Amino acid sequence: MKRRDFLKIGGGASLAWPLSGCAIGKLSERVTNTTWSGNLESWIPTVCGACPGGCGILVRKIDDRVVKVEGNPWHPLNRDKVCPRGQAAVDLLYNPARIQAPQKRVGGRASRKWQEITWEEALAILSEKLIQLRNEGKSHTVIFLGQLDSSASAELLSRFMRTYGSPNQIQFDPWEILENVYSHSHGIRDLLAFDFENCRYILSFGAQFLTNWPTSLEVQRAYGERRSKRDLKIVQVEPRFSLTASRADSWIPVRPGTEGLLALGIASVMVRERLYDEEFIDRFTSKFEDWTDQRGEKVEGFRTAILRRFRLEDISDKTGVPLKTLIETAKEFSSSERALAIADYNLFFHKDGFFQASAIHALNALGGFIDKPGGVVRQRKAPLKALPEPQVDEIAKKALSQPRLDWPVKSSRAGTLGGNPYEINCLMLSPQALPSSYPFYRNFERVLEKTPFVVSFQPYQDASLDYVDLVLPDTTFFEKWQMREVSSLSMKTVVGVGQPVVEPLQSSRPFEDVILSLAKKMGGPMASNFPWPTHQEVLRDQLSGLYEAERGSIFIPPPDEVQLKILEEQGWRFPRRDSLDAFLKDIFEKGGWQDPVYHFNLRTATYQNIQRKFEFLAPVQDQNQETEPEDAEFPFQLILYDLPFTPTDSGGNMPVFQQTLGFQFESEWKIWVEVNPTTAEKLQVRDRDPVWVESPSGKIRTVARVFPGLAPGLLAMPLGKEEVFPPEKKLSDKNSPLRLTREGGDLRDGSVSQRTVRVKIYKTGG
Amino acid sequence: MSKWGMVIDLDRCTGCQACVAACMVENNVPFSTPEIEKRQRSISWMSVLTVTEGTYPDIRQRFIPRPCMHCENPPCVKVCPVGATYKNDEGLVAQIYTRCIGCRYCTNNCPYTLKYFNYFPPHWPKPMRKRLNPDVSVRQVGVVEKCTFCHHRLQKAKEKAGLEKRQLREEDYVPACVQTCPPRAIYFGDLDNPKSPVALLAKSSRAFRLLEELGTEPQVFYLTEGEWHG
Amino acid sequence: MGDAGQEHKKYEEDLLRPLLKTGRKFYLAVAILLAVFAFGLWAWIYQVRNGLGVTGLNRPVYWGFYITNFVFFIGISHAGTLISAILRLAHAEWRRAITRSAEVITVLVLFFGVFNIINDLGRPDRLFFIIKHAKFGSPLLWDVVSISLYMACSSIYLFIPLIPDIAFLRDKFKGTLRGFIFRFLSLGWTGSGKQWRRLEKAISAMAVLVIPIAVSVHTVVSYVFAMTIQPMWHSTIFGPYFVTGAIFSGIAALIIAMVIIRRSCHLESYLKPVHFNNLGLLLLVMSLLWFYFTFTENLTAFYGAEPSHLAVFYAKLTGPYAPFFWSMVFCCFIVPVGILSNRRTRTIRGTLVASLAVIMGMWLERFTIVLPTLINPRLPYHRGIYSPTWVEIAITAGSLAMFILLYVLFVKIFPIVSLWEIKQGREAGVEETAARVRGYLPGTSAT
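Residue numbers (the numbering used here), protein chains in the order written: chain H, 6 to 771; chain U, 9 to 238; chain R, 19 to 465.
Derived from the structure by calculation, the hints contain no laboratory data. Here the structure is a predicted model, which means the values were calculated and not measured. Mixed in with the good hints, there may be bad ones.
[Stated by the list, open to error] Quick partial rundown of chain H residues pointing at chain U, CB under 7 angstroms, derived from the structure:
no., residue
1, R70
2, P89
3, A587
4, G714
5, G718
[Stated by the list, open to error] With a Cα cut of at most 25 angstroms, we get these calculated PhoX-like pairs of lysine-lysine:
no., chain 1, residue 1, chain 2, residue 2
6, H, K704, H, K134
7, U, K46, H, K704
8, U, K203, H, K234
9, R, K150, U, K95
10, H, K66, U, K95
Positions of the beta carbon are idealized from the N, C-alpha and C atoms, including for glycine.
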């Protein structure tokens, strides 16, 4: 009964599945939307917002209804292809779980009593609260939590938070681990790209580049092409035989948490046998040889550290990789002309992930595969015009100097008092749901409970609303003006833009416009920093940079791109449009802007530290292999992994997408645990037997599936699978595998790994 | 007239399921729910079969997308008592929803198990009906359905060619799964056209079909995986 | 005449008593059967309203209880006509008391077989497409033709020998409503010699005609399975196998009907132990024949060791359908052969027990033919499972209940033992048989 009350939000959005009524009656009922007039088809280009990738899409409309999503052939990232999330995105628009108007909570939390209010009221409530906090000097206690995939939206929000005076714009982004590595070795706090199209050898350390990257569509196209020619070898190093591993040419099973160690082993072979690119090391790297620091003391370089600290036999033992394989892989990698060593965002969850990722990236430097075709390269950013510098007043400046509260995102440390410098007074939740792989939900729930005022911008109802006081529903990406730059993981310079394909449904409003309205409502310094009436004007300003740019062009048919490249390389360019207005009209009609020219050997772009070189990090840390010690009571190591296309968002509101996730195990909705056949036999567990998986933190009930892609001591469970059809979806599903992970500890000091857990497994019913 | 067929390169297929999602959206296939999965009645015209072989650590896994095979000798057509499924002159095995009496003889005779039956009336929540594709009829309770190679797209292509006063070109007709496949693993065309890529690939030494020994002569070919030639 | 006349009077009295006297047991039986039927009717309405989803069917198990019932009921229909027709043609005198009860089974049960298959359609409202858009390449159409023909023929074959008895009843109930209806039905029977000769000719002709039709019916029912290409359905011996099974279950059904009639209508002197003994022997022969076919079927699958066939084979012998399969063997072979091979156990009670076992076993046999193949599709795919819902069980029970109810009503309206044939048997049968036997012996003319 609870569910039905809960669903009475916003004027009768009903989720009762219509199995009532007579089937014979339904025989005559036409479940279509075909009418005999109209049915005018149109194709609107925009950018997909179902994940951070920013692929270009063409949306098929019949009259005023969105019916299908196809790829925009002129968008260089995905061309005319779309991933399953994009295809299923049509479900997002007319979703029965959409919140149709701003909601205010009446009654206690979790009472599920909501009152529909107008936007004026909603904005008034929120702005009053924010102004009050600001005047009390507590603006830093306002936290904005969650992803904003579009960089344009993120920029707008950060401007808001800055002028308001809060340093706490927090999101959960596992790719940070690589940003940290590149920050150290290249001086670039951003992701670097991989040139898959020209690569001939990929040594991937658990990287799910075919399915879990924002640029996966580009990678898949390159993969397809290389497969026809069969001149690319992919070696996948990871503990579990993932989907990407199944597409690789060889899979090297390795103990969980020892990927970095294996990379050091390969580096060790390369250093010992002088298989590294000597010229590259000489010219473009530092700290490979021993060096002296500022105090004049000698510090070990990468080479000495490797040779001194690591014995190949030890590495082979600890990683579980045979010595022969290790040496062969090292030789293959280094002898290839164009190779890549790839670390993945997964290392974010390992306690020494930074060092592991660093070791893996060092292989690229050893092989000289940086800033070359087929190697690690830096995307050239599009010359968008920066927004005018905001005027930050004294109140805000003072507040911004307060420490950032990175928990609850990066730690599971509980509570507000005692553990943290200040309490949270207002929590604003981004329109994007937290991913179901978000590991610290337990603490997050506690934070939500304790925060006196919680605002959510989410477009969909789900059980997280139990903690929320005010809802200002965002629209889907189909209903807003968008600008999305392609992720830095791709070497292509592309800015995709989109106009609203349909009017916002009911009373939902684009998040960006709401921020602008909110700023204006708050008046004073806030309003003056946000002069634009709507987000469309903000985008116009930013895009004017492209209009004035001396390179690139609005999207053109692919054959013409060749011509553009030739022209640009010779110093010519396509003629500028007559006016900014004409340019903007055209860019929204075509779907974006791109610059097809890429120059390699651009040292200034690839290294932005002082010496303009790759800086090696000598492996001083003893790379740990077991994240948890051996335990007789919990003899297995459970690996939690992301299902395809789900890292940032499980796509719970896209049933067409969710349904496809378990296909490898023929499961549509149920989660499962993967067990090695030998283990299964020993435990007398058969395929599809119900089992309990128990860790020191909790236990869950699930179904065992026999899978030979794991070593006998390992188990695996998927993240990103919704077992229930939304909006039954809970913030922390009772049956989610995350229940097994350890509480306590802080990722910042590296005392926990959230992706491997010690467990035991046994059949239900004894 | 034509013999439309498909060639699916298993070397390229990444198992991403874009074809499955595209097919479901294009053809108004109702999505499954936990209840439907429990009772094993999900409908998915295009489904990807996972075949895992070997023992740890030497294992291989491949993904086999399976649309309707549109056989030349379709076992399903033979047994339909009312002719609701038949082989049309485009070489497609067609399904007439308004004639089907739901006896499920054809679903039982398909050796690939690629025909589906609507056990319940379609469960579209009212708001979601807006996104139904008007080109494809929504099937009612009690009838059999299956992949049609997006036959409605062929009709549209023909109409377009007629309006533009030209012949239908092979590349005008592209089913949804072919259009969206990111690694471009699915090729589609007229097997009767000797210059068509599908016709050439179907003769390749890597080409095979499922359950060939049954003599159904499917029009969907698969290309086996290759090896890195170092 | 006097002695014969008295005998005849006794016959009439005995055989018409059920029509005239209605005991409490009758009403009780009708009430129970109506209740079960009502339950089945409710389930059926529920299914029509909500679609076939209310059953346990799924993908890939597209056929289940209803097809099993269809084959089962059609199988039982072989009781009547075959027994009656074959025994008539063989001039077996002991048939006289049982022909009618057998023929009634046939005519009535066919309707329930057909009902079950119509009930299995996703769109029963489009039933007439089978005629309007008939495609004769499909075995289901062959079923339609064959079963329609069989229904027509066996109705005629029931009706024709019924005429003299209807005439008798017409005279007995002259002046009442019943008499009026019987007059209409008796088609002007006067009992003249010419009419008797015509009658005998007609009966013989129908007897000859009905046998190939009956054989064809269950053969084409088997073709529904045999003409597919699914493992362990696509079998060459399905035709004879199914016919054998049909006769087998038909005889068993007949025996059960006879035992009940014997008891409730007090026809102990008409349905004598010898009848049951003979039917028991027939049942025994059919059991052995059935076992021969079953053994062959399974041995060839096992020996050939084709993977798709073996999957189905093991599903039956050791897998999820093993309980059903082995129960079937027990009920169809071990119990009947055990009871019926020994003269001492081949009593009325013994044949009843054997027949009950056979009926259950034969239903299980249909079940284990349909299901294991469906749960093991050729392509590696999530194996199917099937468990029936209350709807299927209710409809099965309802069909059975209605069939029995109609049978009971028939017994109430018409004499279930053919009156004129008994009379004829007493008058003419004895001499004819004696003459025939004498003709076999040497030294006399064979006529």
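The hints, checked one at a time:
Here the hint on R70 of chain H is kept, as its CB sits about 5 angstroms from the closest CB of chain U, short of 7 angstroms. Using the Cβ-Cβ criterion of 7 angstroms, the hint placing P89 of chain H at the interface with chain U is satisfied: the shortest such distance is roughly 4 angstroms. With its C-beta approaching chain U no nearer than about 30 angstroms, A587 of chain H sits outside the 7 angstroms limit, and its interface hint is violated. With a least beta-carbon distance of about 6 angstroms to chain U, the hint placing G714 of chain H at the interface is held under the 7 angstroms criterion.
Contact between G718 of chain H and chain U, as hinted, is not supported at the beta carbon level, the nearest pair being about 11 angstroms apart and thus beyond 7 angstroms. The hinted pair formed by K704 of chain H and K134 of chain H fails the criterion: a straight-line CA distance of about 41 angstroms is larger than 25 angstroms. Of the supplied pair hints, the one linking K46 of chain U and K704 of chain H holds, its CA atoms being roughly 23 angstroms apart against a limit of 25 angstroms. Distance hint between K203 of chain U and K234 of chain H is fulfilled; the C-alpha atoms sit about 21 angstroms from each other, no more than 25 angstroms.
For the hint pairing K150 of chain R with K95 of chain U, the CA-to-CA distance comes to about 20 angstroms; that is within 25 angstroms, so the pair holds. Between the alpha carbons of K66 of chain H and K95 of chain U the distance comes to roughly 32 angstroms, so the proposed pair goes past 25 angstroms and is violated.
Hints 3, 5, 6 and 10 from the list above are not met by this structure, while the remaining hints are.
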